[in-house]
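**Student:** Spelled out from the first residue to the last, the chains are:
Number of protein chains: 2
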Amino acid sequence: MTDRKEFRDLSDPEDARDAIASLDLTPDPETVPLADARGRVLAERIDADLDVPGFDRASMDGYAVRARDTFGADETDPEVLDLAGTVHAGEKPDVEVAEGEAVEISTGAVMPPGADAVVMVERTDEVAERAAVEIRTAVAPGDHVMLAGADVAAGERALGPGTRLTPREIGLLSALGVDSVPVRAKPTVGIVSTGDELVRPGRDLDSDAGQIYDVNSYTVATAVEEAGGEPELYPHAGDDYDEMERILREAADECDLVLSSGSTSASAVDVIYQVIEERGELLLHGVSVKPGKPMLVGRLEDSAYVGLPGYPVSALTIFRTFVAPAIREAAGVPEPATATVEARMAAEERYGEGRMRLMPVGLTATEDGDLLAYPTDKGSGATTSLVEADGVVEVPADTAYLAKDESVTVQLFSPDVRPPTVFGVGEDDPALARLLDSLERPRYLAVGSRGGLRRLRDGVPDFAVATAGDGERDAADAEELASYEREWGLVVPAGNPTEIAGIADLVDRNLRFVNRGSDSGLRTNLANSLADLADERGTTRRDLTEAIDGFELAAKAHESPARKVAGGQADAGLGLRATAEKLSLGFVPVGTETVRVLANPERAGKAGVRELERALDDELDAILSELPGFDR
Amino acid sequence: MTDRKEFRDLSDPEDARDAIASLDLTPDPETVPLADARGRVLAERIDADLDVPGFDRASMDGYAVRARDTFGADETDPEVLDLAGTVHAGEKPDVEVAEGEAVEISTGAVMPPGADAVVMVERTDEVAERAAVEIRTAVAPGDHVMLAGADVAAGERALGPGTRLTPREIGLLSALGVDSVPVRAKPTVGIVSTGDELVRPGRDLDSDAGQIYDVNSYTVATAVEEAGGEPELYPHAGDDYDEMERILREAADECDLVLSSGSTSASAVDVIYQVIEERGELLLHGVSVKPGKPMLVGRLEDSAYVGLPGYPVSALTIFRTFVAPAIREAAGVPEPATATVEARMAAEERYGEGRMRLMPVGLTATEDGDLLAYPTDKGSGATTSLVEADGVVEVPADTAYLAKDESVTVQLFSPDVRPPTVFGVGEDDPALARLLDSLERPRYLAVGSRGGLRRLRDGVPDFAVATAGDGERDAADAEELASYEREWGLVVPAGNPTEIAGIADLVDRNLRFVNRGSDSGLRTNLANSLADLADERGTTRRDLTEAIDGFELAAKAHESPARKVAGGQADAGLGLRATAEKLSLGFVPVGTETVRVLANPERAGKAGVRELERALDDELDAILSELPGFDR
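Chains A and B are the protein sequences, given in the same order.
If you read the first sequence in the working numbering, its first letter stands for residue 224, the second for the next number, and so on.
If you read the second sequence in the working numbering, its first letter stands for residue 224, the second for the next number, and so on.
Hints in this document: simulated from the structure, not taken from any laboratory.
Incorrect hints may appear among the rest.
One copy or two, either will do: identical chains are not told apart, so a pair holds if it fits within one copy or between any two.
Said to hold, decoys possible - Computed list of lysine to any residue pairs in SDA-like fashion (alpha-carbon distance at most 25 Å, straight line):
1. 315 <-> 428
2. 513 <-> 852
3. 805 <-> 759
4. 627 <-> 813
5. 516 <-> 490
6. 805 <-> 456
7. 513 <-> 574
8. 315 <-> 727
9. 315 <-> 458
10. 315 <-> 411
11. 315 <-> 422
12. 513 <-> 422
13. 315 <-> 429
14. 513 <-> 766
15. 627 <-> 426
16. 627 <-> 840
17. 516 <-> 776
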């Protein structure tokens, strides 16, 4: 393994911010059509260079008159003026208003010469006999007339530099006839994805060769866009020095900032490190912040460069904390107020590594709508922790302990992130998965029955889903919202070619079996059935499980064992009748088990929990009737 | 004038909401590339259809081993294993791990057959003499290995319908290899601009023919985009029935919703009304809400139709209140939390028309950051009130009075609207206009010295700018932040061809003059000079002003009179030396006046006011030195 000096002396987080701030990402201003200017930021002040309106304009439908001709007119003693013509909006008056005359005029029309006021149509009557109008009110000069330039006068300061263009500013610019505007350009950000194992989504994956889809490129590109930058994806650079150098230099040539991201492999990071050292300047390598160890900051030719960690949550965390602010600054776009929320810790949290921690947290809300934060990612690198984490809490290096209910500031991963309306944990179950579809913004973590009940006891989630009999002690205080039955057994190839009759065959025959994880309610039921079998045979359960090839082969989700069977990698898998039928496989029933939906007693009044109850009442029966082997 | 029945019985605002809700704007879902999916909303649930990772994966750099071979190893008593080969990330292992063997492995690489755990490189040493490695720690099966499907298992529910796609969801979709996603389509909204007088920005304007630029089309289009719709601008329809019908039907054919907007002219509204009645169905005409009178709701062929008022602030207000929620609903995008803020009334407000009022308000903040709201647009139809208004307050029909400090909810015109950092009012002055450019998000209303001081006395703005001597009583409590001098006089054509010598010529000769408005400090100074002249001549000031052709011709902005001179419409205009030189005109000096920048004493500690002070200290001298006739 190559020796990498960046892991020796880690920089202070403030130095990392300073280093990034020292890189100039600000591109030259650009001019965009007005129709594309929404959300952009004015690069310079805009003064009006015409009067709005450009003429004296009637602001009511009515009659243009000489005001003095109406003096003394009222309802009882109207003044009659001769009609000299008509002026519509958008036409040049072809008539003058002489003494004793009036001209019919539309709102927005040019005041005809001679007239200095408008009488509203509602205060007039046409005279039947001849072309004349009765005026039933007196008006003063200027009444119902907007003088040229009264709205905006030529030479006036209209909008200042730095103004964000929302609909109303677009409106003012339209009024001034401006159809293209000088705006701050979006910094272009090149994203170079590294690592031989990465494949673009949409392409074929060779899992045997260790390929995985590239998660960071699109994640970071989306975050760049959100921060006001213009992302540009570069092809995968792999771990080859020449190829990496070529792509990094191309990106540096075309972009204001180059980010590398993707691989967790040391060799890919080594190669980047070499290219930056040789073709640019490395300002810092490694930051004393968890998870900032692998971070790089430098220059590459005329461009700025930042290397992000490989794990997706870490990459997004470092981007959110160090890079997004620099992009926003360069784009001139302030961070939306929704990007940060205040929360309380849902449980205590200890940490003692002596460096700043950027702690990814999920959010949930109490009945009163107070936000609670709980740590999510434990550095596993799992993609799923991406969607569980709503944002990140900066924990200072000298804070080794956060108490339950302690206030924390959460920097959301996106201003569009909203905490879930309801937060559930527990058994992976197809009926529940469908039910979730009818809720708005639920979060559900399939951590198994036992895992769910443990978490419910800790008080963080709103509800848990568990099979009956499993961890009942933990569920003692919980309120049961609903329960239903599901048929479980062994999923086998279609037609059950090897004629598996039941779980005894797993013990007695040489079958490749796939089990579920130990937190799964299904596995508990299998274990109970095996215990019964052991009793019958006068032996121990352990003897039986050790005789099963694959009993320890725990698959994560409820469909996983069945999919191994479908793929020919196993002869039997623990699963549900519904799964077997969905995947057109055979099924050997073993028993039915009860699934319970249990509410956190402290959240019974929460709107999301009430919505869950409504869905259980209204929709569960229909869902169960569509799933084979499910019933009340 | 055509009789229009829509102005007879106005609908209740709730009925208007119901009518719009009854129109189905929701388009069929569409599929978009992952790279364009940011901010979109999933149309359906997405389940994983592969395992992530797709193989058992090393999660550390180190050595893949059989765990039992390491049992008992520690720092003092390492185990030595033969090196059987190497596996990098992204390659298929070409080696098996037999008993007593280890294989060098990179993070992310496929676990070679035989191995069930990884020993971190930090806990190993290569053996110098032969291809072997010393293992200084024991590992358990599964240590530093992520099993296939442990992150996401095939068949698992990944994201639910209705999920907003932010960077993290894009990340999860990438991990699943998804490169195009089914999302809720954006409702297409056709915007038909009406009125013969309207011209698209960028084109030439014929002011003599009463043309003005079309403000509403782009304003509403931008607001449609912000609400999650896809705006489509249609050509101006004018007031011709056949043309209007053709364009409205084309828009209805292509869009989910058609909005007409633009003209304030009754005839244009009449024509639309006829087309909807004949080619569709009018559900309601006129809403009992100020400014909702001219609103229309109906169907046009298979499309929904809403007619917005003609005044820009009114159009945006009705759009914000009635139309945007329907577009958001159809797009599946919730309103951003920043779209609404709480404020207190800056001053009392009376209103007694007995119908709901949608009151446009500007916002400013106290020293403590509390938001204050003050009504802006008084129904003038001015474009400038667009940028002064930050949002709208719904005042119920039975509320005739809002007290000072009463709490109100402000629906912002855009979630991107932020209250100004500092709010000033007063004299239109070129030095001040430049100074504002160096402040972040200032708001300045050029209402003249007197207008500014009046408003300052009412306590709403943070500062006022006024010429000395004008309304001094109102400024008694204010703190002077800075003052400077400016030279004023008569702006005349270049070279002063008619040899105007001073203000006496305005009285004595037959000259066309342009004055400033009565709130302007410049005009006060002119009036004072004329009073002196009247004293000299033993007459009254009034006699002199009546002798000046154009004394009452008040132009709005400080450059306006000069521009009339430049345009040949006047022989002399009231103005500044700086303006004359900027426009390359002649100048006849009359005097100098003092401009004072005065702070609201209750806002002295506000950050924006301190920033203004800093700018006055640091930048005013440089600005003054660049402006002819300006000095301390």
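**Student:** Quick one: residue 315 to residue 727, C-alpha cut-off 25 Å, is that within a copy, between copies, both, or neither?
**Tutor:** Close neither inside one copy (98 Å) nor across copies (37 Å); limit 25 Å.
**Student:** When no copy is named, should residue 516 and residue 776 be tagged within, between, both, or neither for a Cα gap of at most 25 Å?
**Tutor:** neither (34 Å within a copy, 71 Å between copies)
**Student:** Checking an output row: residue 315 and residue 428, CA cutoff 25 Å. Within, between, both or neither?
**Tutor:** between (70 Å within a copy, 13 Å between copies)
**Student:** Reference check for the pair residue 513 and residue 852, CA-CA at most 25 Å: within, between, both, or neither?
**Tutor:** neither (47 Å within a copy, 60 Å between copies)
**Student:** Given identical chains, is residue 513 near residue 422, meaning Cα to Cα at most 25 Å, within a copy, between copies, both, or neither?
**Tutor:** Neither way: residue 513 and residue 422 sit 27 Å apart in one copy and 58 Å across, limit 25 Å.
**Student:** Tell me, please, which holds for residue 627 and residue 813 at an alpha-carbon limit of 25 Å: within, between, both or neither?
**Tutor:** Neither: 44 Å inside a copy, 73 Å across copies.
**Student:** First find the shortest C-alpha distance between residue 805 and residue 759 inside one copy, then the shortest across copies, and answer within, between, both or neither for a cut-off of 25 Å.
**Tutor:** neither (34 Å within a copy, 105 Å between copies)
**Student:** When no copy is specified for residue 805 and residue 456, does a C-alpha distance of 25 Å or less occur within a copy, between copies, both, or neither?
**Tutor:** neither (38 Å within a copy, 48 Å between copies)
**Student:** At 25 Å max between alpha carbons, let me know whether residue 315 reaches residue 411 within a copy, between copies, both or neither.
**Tutor:** neither (49 Å within a copy, 37 Å between copies)
**Student:** Indicate which option fits the pair residue 315, residue 429 if close means a Cα-Cα distance not exceeding 25 Å: within, between, both or neither.
**Tutor:** Between copies only: 9 Å across, 74 Å inside.
**Student:** I want to check one pair: residue 513 and residue 766. Are their C-alpha atoms no more than 25 Å apart within a copy, between two copies, both, or neither?
**Tutor:** Neither: 45 Å inside a chain and 82 Å across chains, both beyond 25 Å.
**Student:** Which holds for residue 627 with residue 426 at a C-alpha limit of 25 Å: within a copy, between copies, both or neither?
**Tutor:** neither (46 Å within a copy, 63 Å between copies)
Figure legend: structure checked against the earlier numbered hints; hints not met, in rising order: 2, 3, 4, 6, 8, 10, 12, 14, 15, 16 and 17.
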